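Participant: Build out the structure end to end from the sequences listed, making use of the hints.
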Amino acid sequence: MRQLTRNAAVTIVAIAALFWIVGQYETALRDPRLLDGWILAAAMMAQLSYHVRKQLPALTLGRAASWLKLHVYAGYFVIAAFLMHTSFSLPETSLEWVLWILFMVVAVSGIFGLFLTRSIPARLQHVSADQVTFEQIGAARARLAGEVDGLMLNSVKNAASAALSDYYADHLYGYFRKPQHVGAHLRGSRYPLQAMCDDLDRLESHPNSKAEELLEKLKAHVVAKFDLDHQYALQGLQHAWLFIHIPATYCLIAMSVLHTMVVYAYSSGVR
Amino acid sequence: MAKVQIIDRPRRWDVPFASRRLPANAVAGIMRLPAFAALDRREFPDDLQPQDIIANDSRILSFRTGDVIYAAGAYQTSIFIVLNGAVRMQTAVPAPPEAQRTEADDATWLRRTFLKGRQRLQKLEWKRDIVPQPSSVLAQNDIFGETEAMARTARQASAVAAADRTTVLELRWPGARELLHWSDAFRRRVENLYRIRSVEAALRQSFLFNGMDDELLRGIAKQCFFETHGGFGWTHIYQRQRTEKPSGDRPLDHEPVIVEDGQYLEDLFLLRSGFARLTVQTNHTEQTAGFLKAGEVFGASELGESMRTGGPALASFGLRAVGYADIVRVPAHFIEERALHAVAQAQRTAGPPRQRVAYRGRSQLDFVVDNRLINGTKAMLVDTTRCVNCDDCVRACAATHDNVARFERQGFSHGKFSISNACMHCADPVCLVDCPTGAITRDQATGNVLIDEKTCIGCASCESACPYNNIRMIDARNSSGQLLVDKDGTHIRTAAKCDLCTGRAGGPACVRACPHEAITRVDLRELQTLTN
Numbered sequence: 001m002r003q004l005t006r007n008a009a010v011t012i013v014a015i016a017a018l019f020w021i022v023g024q025y026e027t028a029l030r031d032p033r034l035l036d037g038w039i040l041a042a043a044m045m046a047q048l049s050y051h052v053r054k055q056l057p058a059l060t061l062g063r064a065a066s067w068l069k070l071h072v073y074a075g076y077f078v079i080a081a082f083l084m085h086t087s088f089s090l091p092e093t094s095l096e097w098v099l100w101i102l103f104m105v106v107a108v109s110g111i112f113g114l115f116l117t118r119s120i121p122a123r124l125q126h127v128s129a130d131q132v133t134f135e136q137i138g139a140a141r142a143r144l145a146g147e148v149d150g151l152m153l154n155s156v157k158n159a160a161s162a163a164l165s166d167y168y169a170d171h172l173y174g175y176f177r178k179p180q181h182v183g184a185h186l187r188g189s190r191y192p193l194q195a196m197c198d199d200l201d202r203l204e205s206h207p208n209s210k211a212e213e214l215l216e217k218l219k220a221h222v223v224a225k226f227d228l229d230h231q232y233a234l235q236g237l238q239h240a241w242l243f244i245h246i247p248a249t250y251c252l253i254a255m256s257v258l259h260t261m262v263v264y265a266y267s268s269g270v271r
Numbered sequence: 001m002a003k004v005q006i007i008d009r010p011r012r013w014d015v016p017f018a019s020r021r022l023p024a025n026a027v028a029g030i031m032r033l034p035a036f037a038a039l040d041r042r043e044f045p046d047d048l049q050p051q052d053i054i055a056n057d058s059r060i061l062s063f064r065t066g067d068v069i070y071a072a073g074a075y076q077t078s079i080f081i082v083l084n085g086a087v088r089m090q091t092a093v094p095a096p097p098e099a100q101r102t103e104a105d106d107a108t109w110l111r112r113t114f115l116k117g118r119q120r121l122q123k124l125e126w127k128r129d130i131v132p133q134p135s136s137v138l139a140q141n142d143i144f145g146e147t148e149a150m151a152r153t154a155r156q157a158s159a160v161a162a163a164d165r166t167t168v169l170e171l172r173w174p175g176a177r178e179l180l181h182w183s184d185a186f187r188r189r190v191e192n193l194y195r196i197r198s199v200e201a202a203l204r205q206s207f208l209f210n211g212m213d214d215e216l217l218r219g220i221a222k223q224c225f226f227e228t229h230g231g232f233g234w235t236h237i238y239q240r241q242r243t244e245k246p247s248g249d250r251p252l253d254h255e256p257v258i259v260e261d262g263q264y265l266e267d268l269f270l271l272r273s274g275f276a277r278l279t280v281q282t283n284h285t286e287q288t289a290g291f292l293k294a295g296e297v298f299g300a301s302e303l304g305e306s307m308r309t310g311g312p313a314l315a316s317f318g319l320r321a322v323g324y325a326d327i328v329r330v331p332a333h334f335i336e337e338r339a340l341h342a343v344a345q346a347q348r349t350a351g352p353p354r355q356r357v358a359y360r361g362r363s364q365l366d367f368v369v370d371n372r373l374i375n376g377t378k379a380m381l382v383d384t385t386r387c388v389n390c391d392d393c394v395r396a397c398a399a400t401h402d403n404v405a406r407f408e409r410q411g412f413s414h415g416k417f418s419i420s421n422a423c424m425h426c427a428d429p430v431c432l433v434d435c436p437t438g439a440i441t442r443d444q445a446t447g448n449v450l451i452d453e454k455t456c457i458g459c460a461s462c463e464s465a466c467p468y469n470n471i472r473m474i475d476a477r478n479s480s481g482q483l484l485v486d487k488d489g490t491h492i493r494t495a496a497k498c499d500l501c502t503g504r505a506g507g508p509a510c511v512r513a514c515p516h517e518a519i520t521r522v523d524l525r526e527l528q529t530l531t532n
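Quick note, the sequences are listed as chains Z and C, same order. Using the numbering used here, read the first sequence as starting at 1 and increasing by one per residue. Using the numbering used here, read the second sequence as starting at 1 and increasing by one per residue.
Bear in mind the hints are in silico, worked out from the structure with no lab data behind them. Source: prediction; values computed, not measured. Idealized CB from N, CA, C, for every residue including glycine.
A short list of chain C residues far from chain Z (calculated; beta carbon distances all over 10 Å): (1) T167; (2) L193; (3) Q223; (4) Q241; (5) P436.
Listed below are several chain C residues computed to face chain Z (Cβ distance under 10 Å; list not exhaustive): (6) T385; (7) N389; (8) C397; (9) R512; (10) C514; (11) P515.
Below, a list of computed lysine-lysine pairs in the BS3-like style, where the Cα atoms sit at most 27 Å apart: (12) Z/K54 <-> C/K416; (13) C/K3 <-> C/K487; (14) Z/K210 <-> Z/K157; (15) C/K454 <-> C/K487; (16) Z/K178 <-> Z/K219; (17) Z/K69 <-> C/K416.
Facilitator: Right, here's the structure in full:
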């Protein structure tokens, strides 16, 4: 908490200093957009340092955790610098609109990603104590599907319960083969699982011992698959936001370079 | 560039201990030493004759007066024999717990932060925390160093040359192990020394006997009993338990009882090596209450209380060997008033045992003891409420180790923690026991377990010995990244595991690469690690 307070205080002071310096620049009858534009460009380049650190894990460049903190707090500074550079108003030209949208995508995806990295691990841990790595979820799903197939084929041979076998063939066969209920998992809802278990319970009102055993095993597999889908959905989201944040960042940098060239191409000289 | 390099398949005798194999005349001379005179060549297999073992696995070292052969605290696994001159064994034991205030304890937070990097240096020096002990002098043909080599512990005494032109024969562990395995006479001789010296070392190491008169201590040592409970085969039982998971088979079923809970105590128990589980009987079931590690004492508080009140000494806990445990039993009537005083002090600092155990939490205890994780000194602990499965740790590990990650981000789970399949650098590393070439060793200063790829012959004995599946066999490559194959085109294999990025600045790459501070390397013998 002490570290959080310190980092937040430093960021606020830096933002206040930016506003004061740009204010002084404007008071001197100079174009403040040139100054805050270059500060914004420099800060955006500094943001890339975290990405560089991640690409060079073998070098002794300090702990990635420290770089991430710098990335996050410098990110807040960049947002403040951007708002100042745009004079807290919406863009007027199409190039500015592209830049504005790209910046918003990067900033919002970054903040959303930060929220995800803080919230998803605890959610995953809460529901699934035994976590499977994202790359191994497919194999775990296939293993589970194979086990259920074996279970149901045996049940047909033993004539345990025709109702359960039919329900499996009609409703659960596909369930065990692909990730399901992604939306529910992202919302944190366990309603689909409850519905499936209720359906299974209703199939056999007076089950014999074989059917009862089969039912319990099938339900255990249904729950295991639901937990696996939960991990798939949340871990997938953990990875997916980066597919927006990183490409948008590179587009933003490219457009920023173009923006700078246009500004200087049409400027009347340094003021 | 060719994708593979063809080499001769590495063999047992490829890398001798000395720069070259000892010459035949030197070996013949060594074989006539009293320590080896009883070696019977017929006891050895044809391809593992004792003269070959000595020629390949030993070296002759010369020292002048005052030269250190090895220092107390160093992790070193050779056995030595004095060939000429004399060697002084200078014992250094830790001071009593209340005297072990380190520089860091007294420092402000700023100084503590600064001191973090110096902890290793302090550990090596530990000058402030040692109590000088009387030294003994070894003469020609005496064996030394066998106690720590067999117990796989750090050296408890410094060996210093006591005469000019002192020469010693150093026999590295793989050679010593073969001689111990095949020769009954050599084994009896070394084991006898091991038992006698272990008792003395255990007494000296225990703060209960700190500063005791040397004669008196040797007198007590003669009356003590040395016992081994359990056996080294525990790793295979444990591996079987993990893979087969037979129903109703509890870890406790494989742990020999040393003391029953509530049993009348006549002896003090000093744990020399291995681990022991403390148990209590609750509601007709035996539950884990704690554990003891090498150097710790059982029964001191009960005997101390008994001496104070005159009542019977009844064990507050049961004691079981976790895997194996070497125990020194000190008969109670040899414990004098001074030791009793130390017990009382220890009780004051630690609090009553039951209270201490309750504070630490039982499920964590069960987790670390049942899974034998108490062996880990630098286990990779992942906080799963912080880990985002980004695999940056795996990538960092691969980037620092020729593109082959040395761990798997899966393993034991308990609550919000996961112990990954990364070498834990065990307090008692069983992986190095059977290495035929000595490729797997411990760093002398830190005790980290390391594999020398140049000496490894890819026999996989360490892989099968590691109870935690933390060693993998991988395809060997040369410095240019080419795969190594033998003349038949078969890939050369080598053992690989986490080396804590030894030799690289900044510590383990996995810890440095984690953006969310989810990974720490921890000593699982310190239960507060998990509690915190």
